[in-house]
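There are 2 protein chains.
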Amino acid sequence: MAQGALLAVGDELLAGRVLNTTSYEAARLLSSYGYRVVEMVNVGDDEEAIVSHLRRLLTRTDFLLISGGLGPTEDDLTTEAAARALDLPLHLHQGILSRIRENERLQGLPENPLRHKMAYLPQGAEPLSRDLSVAGYFLRYQGKLLFFLPGIPEQFQRLLVDRVLPILLETWPPEEEVFTRTLRFFDLREAEINQAVREGGFSGVEVGFYPVFPEVQVVLTARARTEEEARERVQAVAELLRRRFPEHLFGEDDEELPAALGKILREQGATLALAESCTGGLASSLVTRIPGSSDYFLGGAVTYANEIKEEVLGVPHRFLRIFGAVSREVACTMAHGVRRRFKATYGLSVTGIAGPGGGSPEKPVGTVWMGLSTPEETVARSFLFSGTRHEIQTLAAYTLLDWLRRYLLTGNLFPRYRFGRTP
Amino acid sequence: MAQGALLAVGDELLAGRVLNTTSYEAARLLSSYGYRVVEMVNVGDDEEAIVSHLRRLLTRTDFLLISGGLGPTEDDLTTEAAARALDLPLHLHQGILSRIRENERLQGLPENPLRHKMAYLPQGAEPLSRDLSVAGYFLRYQGKLLFFLPGIPEQFQRLLVDRVLPILLETWPPEEEVFTRTLRFFDLREAEINQAVREGGFSGVEVGFYPVFPEVQVVLTARARTEEEARERVQAVAELLRRRFPEHLFGEDDEELPAALGKILREQGATLALAESCTGGLASSLVTRIPGSSDYFLGGAVTYANEIKEEVLGVPHRFLRIFGAVSREVACTMAHGVRRRFKATYGLSVTGIAGPGGGSPEKPVGTVWMGLSTPEETVARSFLFSGTRHEIQTLAAYTLLDWLRRYLLTGNLFPRYRFGRTP
Chain L
1449 MAQGALLAVG DELLAGRVLN TTSYEAARLL SSYGYRVVEM VNVGDDEEAI
1499 VSHLRRLLTR TDFLLISGGL GPTEDDLTTE AAARALDLPL HLHQGILSRI
1549 RENERLQGLP ENPLRHKMAY LPQGAEPLSR DLSVAGYFLR YQGKLLFFLP
1599 GIPEQFQRLL VDRVLPILLE TWPPEEEVFT RTLRFFDLRE AEINQAVREG
1649 GFSGVEVGFY PVFPEVQVVL TARARTEEEA RERVQAVAEL LRRRFPEHLF
1699 GEDDEELPAA LGKILREQGA TLALAESCTG GLASSLVTRI PGSSDYFLGG
1749 AVTYANEIKE EVLGVPHRFL RIFGAVSREV ACTMAHGVRR RFKATYGLSV
1799 TGIAGPGGGS PEKPVGTVWM GLSTPEETVA RSFLFSGTRH EIQTLAAYTL
1849 LDWLRRYLLT GNLFPRYRFG RTP
Chain S
1449 MAQGALLAVG DELLAGRVLN TTSYEAARLL SSYGYRVVEM VNVGDDEEAI
1499 VSHLRRLLTR TDFLLISGGL GPTEDDLTTE AAARALDLPL HLHQGILSRI
1549 RENERLQGLP ENPLRHKMAY LPQGAEPLSR DLSVAGYFLR YQGKLLFFLP
1599 GIPEQFQRLL VDRVLPILLE TWPPEEEVFT RTLRFFDLRE AEINQAVREG
1649 GFSGVEVGFY PVFPEVQVVL TARARTEEEA RERVQAVAEL LRRRFPEHLF
1699 GEDDEELPAA LGKILREQGA TLALAESCTG GLASSLVTRI PGSSDYFLGG
1749 AVTYANEIKE EVLGVPHRFL RIFGAVSREV ACTMAHGVRR RFKATYGLSV
1799 TGIAGPGGGS PEKPVGTVWM GLSTPEETVA RSFLFSGTRH EIQTLAAYTL
1849 LDWLRRYLLT GNLFPRYRFG RTP
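From first to last, the protein sequence lines are chains L and S.
Read in order, the letters of the first sequence are residues 1449 to 1871 in the numbering used here.
Read in order, the letters of the second sequence are residues 1449 to 1871 in the numbering used here.
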């Protein structure tokens, strides 16, 4: 199988200002297809260093992924270095130049020669982006493949999956078929999932555990002569985990938790409204990131100030005075109020103390009350989350949406939660 | 100042099973003391590869940190590779051997020659751990320093801080003080900032450009004999950029754009309420991530469905029917409605088409209307953003908050925006 190396360019990497996650993601993807990565290097914005690494790596690999240093600023030197290392002249790419000029015109920017240098590529290079909207090109050179990619993680990742991988697969088809599936869990620890897999006693499946806050992703990979065989091996493990953790396994591959909730709401023809205090709009924002969420999401109220809780959601003033904003009574009336006010099937509410200030001995930072209002009844429950302000907000927002998801799946209004134990 | 390199050993790094955070942490620490890291390499458990990297890196650095491959298993090859690369014999270290045997006895383990190989170090090496409880040693070799460290992050980190750094500081006391400042810009491209810096003709300041969507961060670094001198050089460039882009430079170092807006609101004793449609709560969530935001943020309405715009914000039904939800009229009444309803000093609104569906020839995906309501007047303006659904939502939410920030700074209700040009 073909061997490759990853070269990442940028002073920010060597100064420890930026953690290089793009090389890691690339190594993970390439390995999953059976390609062997023999080296990963970070170098600075230093033309000599880039040249010498390119020359060295070309002698021992079949393909190279070079990332970073393709931008418009003077410390972007990768293309010049590549031209020197490979002894190729730079040629002007008219399509890229037109695209840059068009952008300048559309945005009312002055023509800038720094930007225009991005239109010069080593002879024989072809742009990777089909609509020329992002930097990056590839080059066949003495039977080897060189891919030059932007250092910006989203752009790198998109070109890697859409362009680099298909070209590699065409040039060096995998000798084995690989089947991979990602299972996504909420409110469950790696160790518990790991133990379940081990007890199953499967062989021929690699199992990787990746905590991606606030969820855990489990990547199952099998290699076999045929795709069917690889798929069957993966499915056996997935089936076990689905049976073992039917409520915690919320989705597969790209399915986000809010999308899993949305799918159930759409199937039931139900609608949702949210009343948020301590999460400040985060739960609504997670729901509305999902395309088509307007089918089931009516809206939300971010009732940060107490007066707004009274005015918009009809929370009685005496509840706030007697029980406080973070209480069962206020969570219930918020959930019920937003459901009625927005005429939704379900209302969810969350009110708590995200910190760093505002805690007390009775209600420490991380105390959160949530309410769920259905057409039949309205209930509330409390949690105690730990972490930074943003972690508490994130855990609370995900748990809120997960609570409704699990209720809709099982009919149980009070599923047990491992995280955020009841205070 | 002394130059170093980081070499991390382990198949798990090349397979993308483990993200190398130890090298990143080390680079960050070393840089903060003025040491220059010239290269970071990950290689596999491959003796040949380790030997050749050690030889190569020794020719161009003063010190090396090598991590991983010091354990008891057969794929731990770093010490053998070091002995070969430096042409030094391996010597038995009696203290380490006793410690290993004692552990075996205490834990009831059989004597294991694999474990005992950890007691052999290259001639002249000294253990780093004072109580010999973890692997790792250092070696002076031809005026250079080599540190061999365990790959386990906690052990690596502890030895780095307790032993490696003090030895480096004793060997090469910092000649220079380093001063670093990050400037953060919104709605400005790297190339524009770069050109301004170049026209300033500064020397002795490194300038790095990092697009961190949706902003651009510029990192200024100076090294000088005294901290004052380094600081002054950085301040000169910062001052130029502040004068040149007074509205676009919104913060320094850790200051987020929503915090910059919050600071001004707090200073003025003013309050804010938000009405969001296409951003679905994202703008509120950005505001409320900031600790203490309850001082100035009263709340928001996420009015995803049209009926909610009418019911909660008082948007007239005929506006929605005649002009559509994405219109100047609706943006104005949303901003005005939320300001009045929430009794805030300022009301902001955003309504648009985030996609991927919902676009039309007159109002393509990315069309966004925003409203700003002050105690004196209510205005609206439109933008056309491009990107994925999430990118459009993010640009819209940041632009909304930035608009109020710039208005509060300058009194200008219609600052010019480069991104999201008016359709």
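Be aware that one or more of the hints could be misleading.
The list cannot tell twin chains apart, which means a pair is met if one copy fits it or any two copies do.
Stated by the list, open to error - Cross-link-like lysine-lysine pairs, in silico, BS3-like; alpha carbons within 30 Å at most:
(1) K1791 - K1711
(2) K1711 - K1811
(3) K1811 - K1592
(4) K1811 - K1791
(5) K1592 - K1565
(6) K1565 - K1791
Honestly, the hints are just simulated from the structure, not real lab data.
Structure-based check of all given hints:
Taking the shortest Cα distances, K1791 and K1711 sit within 30 Å of each other inside one copy (20 Å), while across copies they are farther apart (37 Å). For a Cα distance limit of 30 Å, the shortest separation of K1711 from K1811 across copies, 28 Å, qualifies, whereas the shortest one inside one copy, 35 Å, does not. Taking identical chains as interchangeable, the C-alpha atoms of K1811 and K1592 are never at most 30 Å apart, the minima being 63 Å within one chain and 47 Å between chains. In this assembly of identical chains, K1811 and K1791 lie within 30 Å of each other by CA distance solely across copies; the values are 29 Å between and 32 Å within a copy.
Proximity of K1592 and K1565 under a CA criterion of 30 Å is satisfied intra-copy only: 25 Å inside one chain copy versus 41 Å between copies. Proximity of K1565 to K1791 under the C-alpha cut-off of 30 Å is found in neither arrangement, the shortest distances being 57 Å within a copy and 52 Å between copies.
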